Amino acid sequence: MGIVSLHLILTGIIVEYENQHQHVAEVKYGCLVLIIGSTTVVFEVGISKDGQNREHALLVLTLGVKKMTCCCNKMDATTLKYSKARYDEIVKEVSSYLKKVGYIPDKISFVLISVFEGDNMIERSINLEWYGGFTLLEALDQINEPKRPLDKPLRLPLHDVYKIGGIGIVPVGRVETGVLKLE
Numbered sequence: 001m002g003i004v005s006l007h008l009i010l011t012g013i014i015v016e017y018e019n020q021h022q023h024v025a026e027v028k029y030g031c032l033v034l035i036i037g038s039t040t041v042v043f044e045v046g047i048s049k050d051g052q053n054r055e056h057a058l059l060v061l062t063l064g065v066k067k068m069t070c071c072c073n074k075m076d077a078t079t080l081k082y083s084k085a086r087y088d089e090i091v092k093e094v095s096s097y098l099k100k101v102g103y104i105p106d107k108i109s110f111v112l113i114s115v116f117e118g119d120n121m122i123e124r125s126i127n128l129e130w131y132g133g134f135t136l137l138e139a140l141d142q143i144n145e146p147k148r149p150l151d152k153p154l155r156l157p158l159h160d161v162y163k164i165g166g167i168g169i170v171p172v173g174r175v176e177t178g179v180l181k182l183e
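Under the UniProt record's numbering, the first residue of the sequence shown carries the number 1, and numbering increases by one thereafter.
These are calculated hints, taken from the structure and not from any lab test.
Treat each hint with caution, since some may be false.
Claimed, not checked - Here are the computed distance ranges between Cβ atoms for each label pair:
#, residue 1, residue 2, range
1, THR79, ILE143, 48 to 56 Å
2, VAL101, ILE143, 46 to 54 Å
3, ASP151, VAL115, 38 to 46 Å
4, GLY168, MET121, 19 to 27 Å
5, GLY118, LEU156, 38 to 46 Å
6, LYS66, VAL172, 24 to 32 Å
7, GLY102, ASN144, 31 to 39 Å
8, PRO149, LYS107, 17 to 25 Å
9, VAL45, GLY165, 46 to 54 Å
10, ARG148, SER96, 40 to 48 Å
Computed from a prediction, not measured in an experiment: that's the story for all the values here.
Even for Gly, the Cβ is constructed at its ideal location relative to N, Cα and C.
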């Protein structure tokens with residue numbers, strides 16, 4: 001199946017399986033949680049010119065997502081064993097790329113985690129005593145829902161149109177700006 005990347009977005013999910021995007025139209029434009037594999041080969045491939053981490057960060061930026069949290073995962077791997085040097089290398093390289101495409105690196109949280117061991121997901125890990133940043137749960141708690149411009153004209157992009165027998169044609173979309181009033 002290849003490398004699987006999971007990137008959470010405040011109220012939507014993008015999952016890529018061998019370059020097939022799912023749920024892209026359902027993204028709610030909140031905050032990207034970019035999961036970065038920290039092991040030697042996985043990180044280098046993900047951040048390379050055609051890497052998934054680069055692709056997903058750019059894709060979500062074009063959808064209007066300006067907030068981001070980066071999770072450095074797999075820090076429990078045998079070759080890494082919670083290495084501060086590796087974490088610093090990842091933060092430096094990812095920040096450099098994100099700045100080039102339009103994000104503000106100073107506003108991005110980098111969270112050190114090990115999903116397999118459960119380190120730094122909800123509670124601080126004893127394996128990461130040198131790490132002074134957020135846990136994943138704390139980082140998610142810092143995310144504020146984006147303000148919707150209610151004073152602007154109605155903008156309702158359509159995601160799909162269904163023909164339902166006995167009901168008729170049903171357009172499906174999301175109110176981006178303005179207010180839809182039912183009378």
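Can you name, in rising order, the numbers of the hints this structure does not satisfy? Going through the list in order, the structure violates hints 1, 2, 4, 7 and 10 and respects the others.
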